[in-house]
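All chains should be modelled from the sequences, with the hints used to inform the complete structure.
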Amino acid sequence: METKKLRDALSVKRLTSHTYEKYFESAYANGQAAHGGFIAALFAEAARVHLSEWDVSNPLTLQNLHVEYVRRVAIHRTGVFEVEEIQKGTLTSLLHIRLVQDGQVRALCYARYGPWIKTPAIALDPEIERRRAEPVPRMVIDDEESVQDESWIRCRISHDPYSRVRTHFDYILPRDSRLGSTKVVEWIGPRFAHDRLTNECIPMISDLWPQIPDNFKAERGEPSPYSAVGMVNRMVEVEDKTVGMMLTKEDADTWVNAWYPTMTLELQLHKPLPAEGVRWLFQEARTQQLTSKEMDIELRISDVEGDLVAIGQLSVLVVPKERNGGRAEKI
1 METKKLRDAL
11 SVKRLTSHTY
21 EKYFESAYAN
31 GQAAHGGFIA
41 ALFAEAARVH
51 LSEWDVSNPL
61 TLQNLHVEYV
71 RRVAIHRTGV
81 FEVEEIQKGT
91 LTSLLHIRLV
101 QDGQVRALCY
111 ARYGPWIKTP
121 AIALDPEIER
131 RRAEPVPRMV
141 IDDEESVQDE
151 SWIRCRISHD
161 PYSRVRTHFD
171 YILPRDSRLG
181 STKVVEWIGP
191 RFAHDRLTNE
201 CIPMISDLWP
211 QIPDNFKAER
221 GEPSPYSAVG
231 MVNRMVEVED
241 KTVGMMLTKE
251 DADTWVNAWY
261 PTMTLELQLH
271 KPLPAEGVRW
281 LFQEARTQQL
291 TSKEMDIELR
301 ISDVEGDLVA
311 IGQLSVLVVP
321 KERNGGRAEK
331 I
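In our numbering, the protein residues as written are 1 to 331.
Any given hint might turn out to be false.
Restricting the straight-line Cα-Cα distance to at most 30 Å, the calculated cross-link-like pairs of lysine-lysine (DSS-like) are [what the hints assert, rightly or not]:
#	residue 1	residue 2
1	Lys88	Lys217
2	Lys183	Lys241
3	Lys321	Lys183
4	Lys249	Lys217
5	Lys271	Lys5
6	Lys5	Lys293
7	Lys5	Lys241
8	Lys321	Lys293
9	Lys183	Lys88
10	Lys293	Lys249
Read the hints as simulated data drawn from the structure, not as lab findings.
So, in C-alpha cells, the structure goes:
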C-alpha cells in the first residue's frame with residue numbers, strides 16, 4: 001500500500017493527554033528554519049488528534065486558526081506541542097497550543113473547532129452579487145494528470161537546496177505570469193498523485209506560493225526561479241516534465257538574498273474538505289503592502305467546484321538571509 005506522504009509528514013506523537021511531540025526534519029524547511037506553513041499545519045494536526053479523544057455527538061471541524069511565531073523553529077530537533085483547553089462548548093470549542101523547543105516557546109496558536117453546520121443560502125442583492133470575488137479559473141487535468149489547458153503549465157521542483165519544502169508539491173501556474181505583479185495564483189496539490197490535501201494541510205499550503213518579492217527580481221533579463229514567471233520559464237525548458245526543474249546551489253546563492261519569516265498567520269475556513277481529502281486546491285495570494293522590511297498577504301483558497309474553502313492573512317518580515325541560521329533567537 002502506498003504511503004500517504006503528507007499525512008506521515010504531519011503526524012505528531014502523543015506524549016501525555018495534553019502534549020504532543022514532533023521531530024522537525026530538513027525536508028520541510030526553508031534554509032535552517034522549519035517552514036511557517038508546516039508549523040501551522042502541525043498545530044492543526046495536534047488539535048485534531050487532541051479533539052479526537054473528546055466524546056462529542058458531531059465531528060469537530062477546524063473553523064479558525066491563528067498562529068503567532070515568536071522564535072525560529074530549528075530543524076533536526078524535537079518540539080513539543082502543549083495543549084490547553086480554553087473553551088469546550090456545544091457549537092464552538094477553543095484550544096490554546098504552545099510549541100516549545102529547547103525550553104523556549106517558539107510559536108503560539110489558537111484553534112477554534114465546532115460541528116460543521118451548513119446554513120441555508122439567502123438571496124443577495126444584485127449589487128452585492130456584482131461585487132463577489134472573481135470566479136476561480138477552470139483547470140482541466142486528464143486521467144494521466146496532464147494539464148489540458150494550454151494557458152496553464154504544471155511546475156514541479158525536484159531539487160531546491162534552499163526551500164526543500166517546495167519539492168513536496170506541484171504548482172499549476174498561468175503561462176502568462178509576469179514580472180512586477182503583486183499577486184500570484186496557482187493550483188496546488190501533492191507531488192504524488194495518490195496523496196491528498198486535508199483540512200490540516202490548508203495552513204501549510206497557505207504559506208506556499210511563488211515569492212511575490214521575487215516578481216521584482218531579474219538578472220540580465222532572467223527572472224528569479226522563485227517567482228511565478230521564473231518557475232514557468234524554467235519548466236518550459238525542462239525536457240522530462242515528470243522529474244521537473246532542478247535548482248542548484250548557484251541558483252540559491254544568486255537569488256535568495258532575504259528570508260521571509262511568517263510572523264502571524266490567520267485562517268478562516270468556509271468549507272471543510274472531505275475526510276479523504278482533495279487532489280487540488282486553487283490559491284490566490286495578493287500583497288497589500290510590500291517594503292524592504294515587511295509584507296502583508298491576503299489569501300483566498302477555493303476547490304475545483306469554485307467554492308470558497310478558506311480566506312487568510314499573513315504578516316511576513318523581510319530580513320537578511322543570514323538570520324535564517326545560527327542561534328534560534330527571537331526573529
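Holds or violated: Lys293 with Lys249, Cα cutoff 30 Å?
-> 25 Å, holds
Does the alpha-carbon distance linking Lys183 and Lys241 stay inside the 30 Å limit?
-> With Cα atoms ~26 Å apart, Lys183 and Lys241 stay inside 30 Å; holds.
For the pair we were handed, Lys271 and Lys5, check the Cα-Cα distance against 30 Å.
-> 24 Å, holds
Hinted pair Lys5 and Lys293, Cα distance within 30 Å = Roughly 35 Å between the alpha carbons, so the hint for Lys5 and Lys293 is violated.
Given the proposed pairing of Lys5 with Lys241, does the C-alpha separation stay at or below 30 Å?
-> Distance of about 21 Å is within 30 Å: holds.
Pairwise hint evaluation, Lys217 against Lys249, where the allowed Cα distance is 30 Å at most | Distance of about 18 Å is within 30 Å: holds.
Holds or violated: Lys88 to Lys217, with C-alpha atoms at most 30 Å apart | Judged against 30 Å, a Cα distance of about 49 Å means the pair is violated.
With a cut-off of 30 Å on the C-alpha distance, tell me whether Lys183 and Lys88 pass.
-> Distance of about 39 Å is beyond 30 Å: violated.
Is Lys321 close enough to Lys293, meaning Cα to Cα at most 30 Å?
-> Roughly 12 Å separates the two Cα atoms, so the pair holds.
30 Å limit on alpha-carbon distance, applied to hinted pair Lys321 and Lys183 | With a Cα-Cα distance of about 23 Å, the restraint between Lys321 and Lys183 holds, given a limit of 30 Å.
Of the numbered hints stated above, those contradicted by the structure are hints 1, 6 and 9, listed in ascending order.
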